[in-house]
Amino acid sequence: MNDQQGAAATGSNAMIRKLVFSSLGLALLISSGISFHRSRHRAEAVVLSEGVTEVRRLSDYHDCVAGSVNDCNVYIIDSGKPGATMFIMGGSHPEEPAGRLAAWLLAENAVMEEGRLILVLSANRSASTVTRVGGAYPPDFTIPTSWGGQLFRLGDRWSNPLDQWPDPEVYIHYPSRQNLAYVDIRNLNRTWPGRANGTLTERTCYAFMELIRQEKVDIFIDLHEAELQYPVINTIVMHERGEELATFTSMMLSDMEFNIGTENSPKNLHGLSHREVGDNSDAISLLFEAPEPFLDATRGRTTREQLLTGIDEFVVKAGEHGLLFERIDENGWPIDVRVGRHTSTILMTMEMWTELNPDRPLACRSVPRYADVIRNGTGHYLRDPAGADPGRVVYE
Amino acid sequence: MGILMTIITVIYYLLIAAVCLILITNLIRERKWEKEILYIVVLMPFLLRLLRLK
Numbered sequence: 343m344n345d346q347q348g349a350a351a352t353g354s355n356a357m358i359r360k361l362v363f364s365s366l367g368l369a370l371l372i373s374s375g376i377s378f379h380r381s382r383h384r385a386e387a388v389v390l391s392e393g394v395t396e397v398r399r400l401s402d403y404h405d406c407v408a409g410s411v412n413d414c415n416v417y418i419i420d421s422g423k424p425g426a427t428m429f430i431m432g433g434s435h436p437e438e439p440a441g442r443l444a445a446w447l448l449a450e451n452a453v454m455e456e457g458r459l460i461l462v463l464s465a466n467r468s469a470s471t472v473t474r475v476g477g478a479y480p481p482d483f484t485i486p487t488s489w490g491g492q493l494f495r496l497g498d499r500w501s502n503p504l505d506q507w508p509d510p511e512v513y514i515h516y517p518s519r520q521n522l523a524y525v526d527i528r529n530l531n532r533t534w535p536g537r538a539n540g541t542l543t544e545r546t547c548y549a550f551m552e553l554i555r556q557e558k559v560d561i562f563i564d565l566h567e568a569e570l571q572y573p574v575i576n577t578i579v580m581h582e583r584g585e586e587l588a589t590f591t592s593m594m595l596s597d598m599e600f601n602i603g604t605e606n607s608p609k610n611l612h613g614l615s616h617r618e619v620g621d622n623s624d625a626i627s628l629l630f631e632a633p634e635p636f637l638d639a640t641r642g643r644t645t646r647e648q649l650l651t652g653i654d655e656f657v658v659k660a661g662e663h664g665l666l667f668e669r670i671d672e673n674g675w676p677i678d679v680r681v682g683r684h685t686s687t688i689l690m691t692m693e694m695w696t697e698l699n700p701d702r703p704l705a706c707r708s709v710p711r712y713a714d715v716i717r718n719g720t721g722h723y724l725r726d727p728a729g730a731d732p733g734r735v736v737y738e
Numbered sequence: 047m048g049i050l051m052t053i054i055t056v057i058y059y060l061l062i063a064a065v066c067l068i069l070i071t072n073l074i075r076e077r078k079w080e081k082e083i084l085y086i087v088v089l090m091p092f093l094l095r096l097l098r099l100k
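Those protein sequences? They're chains G and E, same order as listed.
Those letters in the first sequence? Residues 343 to 738, per the working numbering, in order.
Those letters in the second sequence? Residues 47 to 100, per the working numbering, in order.
Simulated from the structure, these hints should not be mistaken for laboratory data.
C-beta atoms are modelled at their ideal positions from N, C-alpha and C, and glycine is treated no differently.
Please note that a few of the clues may not be correct.
Stated by the list, open to error - Subject to a maximum C-alpha distance of 20 angstroms in a straight line, what follows is the list of computed DMTMM-like cross-link-like pairs (lysine to aspartate or glutamate):
1) 659(G) <-> 569(G)
2) 360(G) <-> 76(E)
3) 609(G) <-> 621(G)
4) 423(G) <-> 621(G)
5) 423(G) <-> 456(G)
6) 360(G) <-> 80(E)
What the hints assert, rightly or not - If you want the ones that stay clear, here's a sample from chain G, every Cβ over 12 angstroms from chain E, calculated:
7) 480
8) 483
9) 487
10) 505
11) 507
12) 582
13) 597
14) 598
15) 600
16) 605
17) 645
18) 662
19) 699
20) 727
Chain G extracted, bound-state conformation (with noise of 0.2 angstroms):
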């Protein structure tokens, strides 16, 4: 072989390894792609309970919203009996699950018997569309049933940067001027009360607020987990003029269900719905926090497994250390738990509400509260959409 010859076959041998490389990239590229755009376009069943009299969407509220991924269902279960209006808030930050299965746990199950109850199960819908950018989030997780169970995405704390770019240097909140980190522009619950012609997750906080002006809604929850790191848990973050409420709710729960503590709405700090809601419309807000250690920092491995269960050895190694607001042994902060928690809170503010304000009730049956979830596991009270009549499945 003369030295032609011999070029020509090393030239032609690495032709022949790129492909290889690149052919394995690209495999790669394809198995990886597919999962992220399943994640991203995977739809959730909701069955409706026969409470549920309406569907609409957000942007039947104000327009802003309306061809974007955060044009989210709106559920009405009205009892067609005089009283108060409370809207939930489920999936505000989507890698808080608790929150958004304790909203559909209502969604499917709620029947209301006097006052009217809105819910969202999916307020920031881009933000369930991805997980953290090098995290190493599972895509998604599995609620175990009797017919099999039910997957869900997992989501993350800030809209999805594909629906949303980019990020500014420094987040400058609207209207308040403070200045926030730059990530929380794409946090929903920084960006209260949102501007109409701001960014996609402005603009969802905005709608949201029309919603809680035009259907005149009295109490507003949004629902949340928190890390054992965070001071904030275990907690009914109040607003000043929600206090009354908040306190008899956390007695009486304290009393007779778990421990659960109440917090002040700091005046000054903003963009968060417990001090927007309340300083921008009639209504009450509050905001419920329940522990998930898959949040903690000092976590280990970030599983399926240990989000549903809530046991991490690395957390619990924190807590002898004196590191959490919160305490946590071997037995973790399963996920039953952590949805009980958030029904019993909803049932007994309703309930406390009507204690205070007999002429405008609020009553709810068909809901479990927290020893119903734990004895029974959320999975129990989630309906099969292969059973149900079409015309009541909806799609998150």
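On the provided structure of chain G, position chain E as indicated by the hints.
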């Protein structure tokens, strides 16, 4: 604000496309197999963003 964000987003995607082209060109010219693998690995997140998958 919306128009400004749209312009920046378009420029951002053009930059990503340019980076992808540079990486692919370098991959074709490269002679060392270790660096070829490196180029392919580095290319992945850029392509996923360009295709609006992640």
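Going down the list of hints, with the structure as the test:
1. 659(G) <-> 569(G): Given that 20 angstroms is the threshold and the Cα spacing comes to 14 angstroms, the pair holds.
2. 360(G) <-> 76(E): 9 angstroms, holds
3. 609(G) <-> 621(G): 10 angstroms, holds
4. 423(G) <-> 621(G): Outside the cut-off at roughly 28 angstroms; violated.
5. 423(G) <-> 456(G): 5 angstroms, holds
6. 360(G) <-> 80(E): At roughly 11 angstroms apart (the allowed maximum being 20 angstroms), residue 80(E) and residue 360(G) satisfy the hint.
7. 480: 15 angstroms, holds
8. 483: Its Cβ never comes within 12 angstroms of chain E, the nearest being 19 angstroms, so this holds.
9. 487: Label holds. Min Cβ-Cβ 30 angstroms, cutoff 12 angstroms.
10. 505: 10 angstroms, violated
11. 507: 5 angstroms, violated
12. 582: With a cut-off of 12 angstroms, residue 582(G) remains clear of chain E, as the shortest Cβ separation is near 32 angstroms.
13. 597: Holds, since 48 angstroms exceeds 12 angstroms.
14. 598: Fine: 46 angstroms to the nearest Cβ keeps residue 598(G) off the interface.
15. 600: 39 angstroms, holds
16. 605: 33 angstroms, holds
17. 645: Answer for residue 645(G): holds, closest chain E Cβ roughly 20 angstroms.
18. 662: 38 angstroms, holds
19. 699: At about 41 angstroms from chain E, residue 699(G) clears the 12 angstroms cut-off, so the statement holds.
20. 727: 27 angstroms, holds
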